[in-house]
Each structure stands twice: as structure tokens, then as C-alpha cells.
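K.L.:
Below are the chains, spelled out letter by letter.
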Amino acid sequence: MSAASGQSAAPSGAAVVSRVVIYGLLAIFALIYLVPLFVMLVTSFKTMDEITGGNMLALPQAPTVAPWLRAWGDACVGLTCAGIKGYFWNSIKMVVPAVAISTLLGALNGYVLTKWRFRGHKLVFGLMLFACFIPFQAVLLPMASVLGRLSEFGNVLRDSTGTSLGIGSSTANLVVVHVIYGLGFTTLFFRNYYEAFPNELVRAAMMDGAGFFQIFRRVLLPNSLPIFVVTVIFQFTNIWNDFLFASAYAGTGDVMPMTVALNNVVNTSTGTVEYNVNMAAAMIAALPTLFVYVVAGRYFVRGLMAGAVKG
Amino acid sequence: MAFLEIEHLKKRYGSVDILKGIDLDLDKSGFLVLVGPSGCGKSTLLNTIAGLETISEGEIRVEGNKINDLHPSKRDIAMVFQSYALYPNMTVAGNIAFGMEMRGVPKPERDKAIAQVAGTLQIGHLLERKPSQLSGGQRQRVAMGRALVRDPKLFLFDEPLSNLDAKLRVDMRVEIKRLHAATGKTIVYVTHDQIEAMTLATKIAVLKDGELQQVGTPAEIYNKPSNLFVADFMGSPAMNLMQAKAAKENGRTVLKLLDAAGGDITLPVPASIASQELAAGRELIFGIRPEAITDKDSADRHSRAIEVVDAHVEVVEPAGADTFVVTRLGGKEVTARMRADADVRPGETIPFAFNLDRAVVFDPQDGRRL
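Read top to bottom, the protein sequences are chains B and Y. Its first residue numbered 1, the first sequence is counted upward by one per residue in our numbering. Its first residue numbered 1, the second sequence is counted upward by one per residue in our numbering.
None of these hints come from the bench; they were simulated from the model. Take these hints with a grain of salt, some might be off.
Simulated crosslink set (DMTMM-like; lysine to aspartate or glutamate; CA at most 25 Å straight-line) [said to hold, decoys possible]:
| no. | chain 1 | residue 1 | chain 2 | residue 2 |
| --- | --- | --- | --- | --- |
| 1 | B | 122 | Y | 53 |
| 2 | Y | 153 | B | 200 |
| 3 | Y | 10 | B | 195 |
| 4 | B | 115 | Y | 23 |
| 5 | Y | 130 | B | 200 |
| 6 | Y | 74 | B | 200 |
| 7 | Y | 130 | B | 195 |
| 8 | B | 115 | Y | 17 |
| 9 | B | 115 | Y | 69 |
Which residues of chain B face chain Y? A partial, calculated answer using Cβ under 8 Å [stated by the list, open to error]:
| no. | residue |
| --- | --- |
| 10 | 159 |
| 11 | 162 |
| 12 | 196 |
| 13 | 200 |
| 14 | 201 |
| 15 | 203 |
| 16 | 206 |
| 17 | 209 |
Across the chosen pairs, the derived CB separations fall in these ranges [to be verified]:
| no. | chain 1 | residue 1 | chain 2 | residue 2 | range |
| --- | --- | --- | --- | --- | --- |
| 18 | B | 132 | Y | 10 | 41 to 47 Å |
| 19 | B | 195 | Y | 202 | 39 to 45 Å |
| 20 | Y | 125 | B | 165 | 28 to 34 Å |
These numbers come from a predicted model, not from an experiment. Backbone N, C-alpha and C define an ideal beta-carbon position, used for all residues, glycine too.
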């Protein structure tokens, strides 16, 4: 204790050198990470003339938001040139329900696996954990078959009742896929968090007359903010960024999610490659995950650490 | 018919017996303390009464009604937990009202009940705070308030004071006792602290390894422990237990103790077993509380059987109100409780006055009191 404080009061030469090395390395790696982002940002605000004639790292001479507006409103995705806005909303419509459902179900699973243990709860948890290790590619074909049945069911429903309730639509299909695939992770997160959650609170609520869902809603959920944030960030980022499932089950037409549309924007070859528009589109595609990180980020580390010590 | 009856209660986890057939009863307004070392099953017993754990065999009745299979919330029992178990996301008022809310009590009634309980426990100024903003003693009060507000038939306390510091523990102990006297509620209380057990209980049940060792009033448990375990566990400092041997001398039975020098100390048979015939040469354990061994002057004047024994002083421990003097008799350390100003120094040989009215004798084989 005293040695440490003495050192900080009068740093020796070796300590200064090691500090410089540490911060120098950190700065270099930060730079390596930030340069691509910087290039994307400045390019997205430049005109095409400036891009073809100038330095990649230079700041825009005459900053313009035209590439952003073009990317949003009239960039060509394949043959239609209506921008990426429609696909952006496709993604939102898919991500929000998928994140909400998989997170809530994960919380419920964690609650049951820790507070309402049954015979074989370890096996069930082990199997759910196993879901985290299944590669996407392995489930592509069987899942396509399942989704096909789901679409048939949606058709039957529409024929008999007039509405399919969205069942069998590409968006609904992707929600189903991502909920199923995400459950392993969300269950893992919540189980570990609730493992350290005091059992006495559940028992007290039980004696107070609260039922299964009342305990979940009134006692567990209000005390789960950190792990909620972690799970939401994790799920949101994964589902938003997913390309494989999106291109396999919603790869064409108006139903494409953002990631697939972005790919098509960049690959569309009519005349010159509009780097500024491509960069702006990529930035727009990345904004929601960035937004989630910024808003919820300060809970992220806290939540990751919670429950890491015990259980 | 007693208020709370527990009949032949057994609890098994797999092949392990946690509770091995408990029979207990408690009258209305009684204060039953379950006491024993860690792992003796006392908390499990409490949880089975609460309904938080199922039982393998036996029956639990409250006012003659079997409650074995009722859900915890239907038993009309409130519990105070060791960790207090306050809901961290709710205010103090919310915590106290949660049970009523779950039972569908309308808001005006809830508010009235909260105000009343807050008055009793003097936590009115804390009602809007969160549990994390309270001190240990305040949390304890809120936990009791949450139990009190429901006005249940039976209160269960699971080591409620073990998380408090020593001084606060004494204060809260007095408060619980006062609360019990004021409300006349029936309470079952678990503790591993034998002083809490002695001070609070109207009835003590001592458990060990899932079996009842003795059930009785605090005085019975303290003065007439039914076996060596109870004698050793209850009381601080613990009862002095010495090896002894029965012998015949001049036609009457006496006890022989070995002193440190290898000589014999002869004591008459204590009144507690005077009626029993002891075969000469029978091995015995002689038990006597520290406060029944004193200096000559402060020996109990009402006692009919004071025996003075000279012994070598090994250690002197002044404890403020008393001075504990340690000597060696019957092969064991023996603690005597003397006046604070007793003039004793280690290494001296002084007279110790044994009050044999307070002495008990055990069988070394099965540990039972004779």
C-alpha cells in the first residue's frame, strides 16, 4: 500500500518508460481501429469528383449530405432505385420483435432454471447451451423446411380466415429463426445472472402470496436491468448484422433486410461506383447498433461482470 | 390441543435424512426457539413449517388444521429471513404492502396498515426509501414490519439477528421480546446463538443432526440438560464436564475426581441424582456450570450443599463484571466464575466453592443425564 503510493508520488524512470510504451501501444491500436471509420465518414460527405481526385484521408473540401440522402432515398438496390429506407424498416420490423421475444423468453428460462428447479434442469440447460455452438450453416436447410411448413400454414390461415396474421411472411420467418437461434444465448445470460439472485427474495414473495408470473414480473424483472442491457445489445447486434439467414430466407425483392440490401447497393454496377453513397449506406446500416451501444453501453460491462464472480 | 403441532416430521433429500422424526408443539402466544449447531436441520424445520420445503413424512397442524399440503401463501404464516429479503426495487412502503397487494387488499386499507406498522416499529420516516438506503438495523425493522402487517397466525424468524453487529443485536433482541409481549403473537425462531435462545424463548428445542435433543423452558434446558450435548451447547462459558467415578466411603456413595496432581477429590453425590443407586466404580461425567463454582465468600447462601475444594489456578480472565478462573480437575479445564475483585493470581492454590445443588451427572456411554 505504502509502496504503491510512494511510487505514484515520485515515479521512477522505468515506470515512466513502461507508461509511455503502454499508452503508445494503446494509441496505435485505437488508430488501427478508427482509421477505417474515419475514412468511411469523410468519404460519405465528399462529392465523387473529390473522391476520384483527392486523398482518401483528407477532410471533405465542400461537405455535402447529398450522398446520405441518395443512399436513403434513391440508391439502386438491384433493379429498383428507391434507396435503402424500405430495407431499413424491414430490418427494424424484424429486429425489434426478435430481440424482445428472445430476451423475454431467455429471462423466463433463466428464472425457471434457477428458481423453479425440476429434475433434469441441468440437462435442459446443457442442451440449451449447446444451441450456442451450432453453426448457422448446419441449420440452414432444416430451417428452410420448417419455414416452408410455416408458410403453408400461413396460406391455410389466410384462405380460411382472410388474414395470415403475418405468419409465413419473410419478416416473421426471420423473427422465428432469430428467436430460436438466440434463445441459447439469452438463456445462458439470464441463468447465470439469476443464479446469483438471492433465493430468499423469491421465497419471501412466495410467502407474500405472489404466484409464478407475479414473482417473475414484480421481483425478478425489475432487478435485472444490467443483464437485460447486455442481452439486448448482444441480440440486437447479432440479429441486425446477420447476413446468412437474411440472404437465405429473405434474399430477394422488397422483403430484404438491411444487410442484404446494403450488399446489393454495393454490388449494383451501373456506371461508376458511387463510393460516397456506398459509405453513407454502410453508415446508416451501422447506426442502429451504434445507437444501442451508446444508449445502453454503460451498463454493458457492469452486466457482463454481474454474476461472473459467483455461480 | 396446542396451537402449533408437529408430529413425527421427517425430511429426506435422496438417501440423506435431514429431519429424523420431530415431535413438537407450541401453545398460543408461545415463543419457540429452535437452536443447534450449523447443519442440525433447524432452518429446514422452519422452512417446512413455512411450506417452502416439502416434508417426507409426518404432519404439521395449526389450530388443529393440517397444513402440510397448503401453499406457503395459504398458511397464514409470515416469515422474517436471515438476509431480510427486502425487494430492492420497491420502497419500504412498497415492501410492506406487497403481500397485501398480492392478496388484493384495496389501497386505502393498505395505507392504513402501513401507517400503523410503521408507527409500531418507528420506521415512519423511512417509508419512501429504498432498502439500499437503509442501515442493517433499519432493514431488520422493515423485514419485521412486512411480517407484522399481515397479522398472521404464526411468525417465523430465520436467524434474523445474525447479520447485525454485536450491540445492535442486543438492542433488536430486546425489541423482538418487547414486540412479542405487546402483540402476544405465536413465534417460532431459529438461531444458533444460545444466548438469544435463552433470553427470548418461552420454550426451547435443541436440535442436533436432525434429532431433538431436548425440549423445555429455558430454565429446564439450562439447569437440567438432558444430555451431554445440550449441557455443552447451552451456556457461555460452557458447562464444566469432568470425568468422575462413583465410590463407597463410610457406607455412603461419593464421587471421586482426579485433580491435577493425580490425587483424588471427593465430593458427595449431587442432589439431582441422590435418589439413584450408583454402583461403586461406575464411570461418570460430572457437570457443573461455571457460576456454581465460586470463591468461598460469594457462594450461594441458600445452597444446602457447598463443597470447598483446593485447586491450582492456571489462568485468570477478568471479564469486567466477573473474573473467570481456570483450573484443572478430572483431567479437564474447569472454569469458575468469581467476583470481579477476587484476589486471585495464576499459580496460586485457592479454595473453590462447589455448589452441588446445581451439579448434574451424566452417563459417559450414551451421554444421558442421570
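K.L.:
Please verify that hint: residue 201/B, Cβ, nearest Cβ of chain Y, below 8 Å or not.
P.N.:
Holds - the Cβ of residue 201/B comes within 8 Å of chain Y, reaching about 5 Å at its closest.
K.L.:
Has the given pair, residue 115/B with residue 69/Y, been kept, meaning a C-alpha gap of at most 25 Å?
P.N.:
Holds, because 20 Å separates the two Cα atoms, which is no more than 25 Å.
K.L.:
Quick one, is the residue 203/B hint okay against chain Y at 8 Å, beta carbons?
P.N.:
holds (5 Å)
K.L.:
Could you grab the alpha-carbon distance between residue 130/Y and residue 195/B and see if it respects the 25 Å cut-off?
P.N.:
Holds. Residue 130/Y to residue 195/B sits at ~23 Å (cutoff 25 Å).
K.L.:
For the pair we were handed, residue 153/Y and residue 200/B, check the Cα-Cα distance against 25 Å.
P.N.:
This hinted pair holds, its Cα atoms lying about 21 Å apart.
K.L.:
Using 8 Å as the Cβ threshold, decide whether residue 206/B counts as touching chain Y.
P.N.:
holds (5 Å)
K.L.:
Does residue 196/B hold up as a contact with chain Y if the rule is Cβ-Cβ below 8 Å?
P.N.:
violated (13 Å)
K.L.:
If you draw a straight line from the CA of residue 130/Y to the CA of residue 200/B, is it 25 Å or shorter?
P.N.:
holds (18 Å)
K.L.:
Regarding the pair residue 74/Y and residue 200/B, is the alpha-carbon distance no greater than 25 Å?
P.N.:
holds (18 Å)
K.L.:
Interface hint check: residue 162/B, Cβ to nearest Cβ on chain Y, cutoff 8 Å. Holds or violated?
P.N.:
Since the shortest Cβ distance to chain Y is 41 Å, the answer is violated.
K.L.:
Given a hinted range of 28 to 34 Å, is it respected by the beta-carbon distance of residue 125/Y and residue 165/B?
P.N.:
violated (54 Å)
K.L.:
Between residue 115/B and residue 17/Y, is the straight-line Cα distance small enough, at 25 Å or below?
P.N.:
holds (23 Å)
Going through the hint list in order, the structure does not satisfy hints 3, 4, 10, 11, 12, 20.
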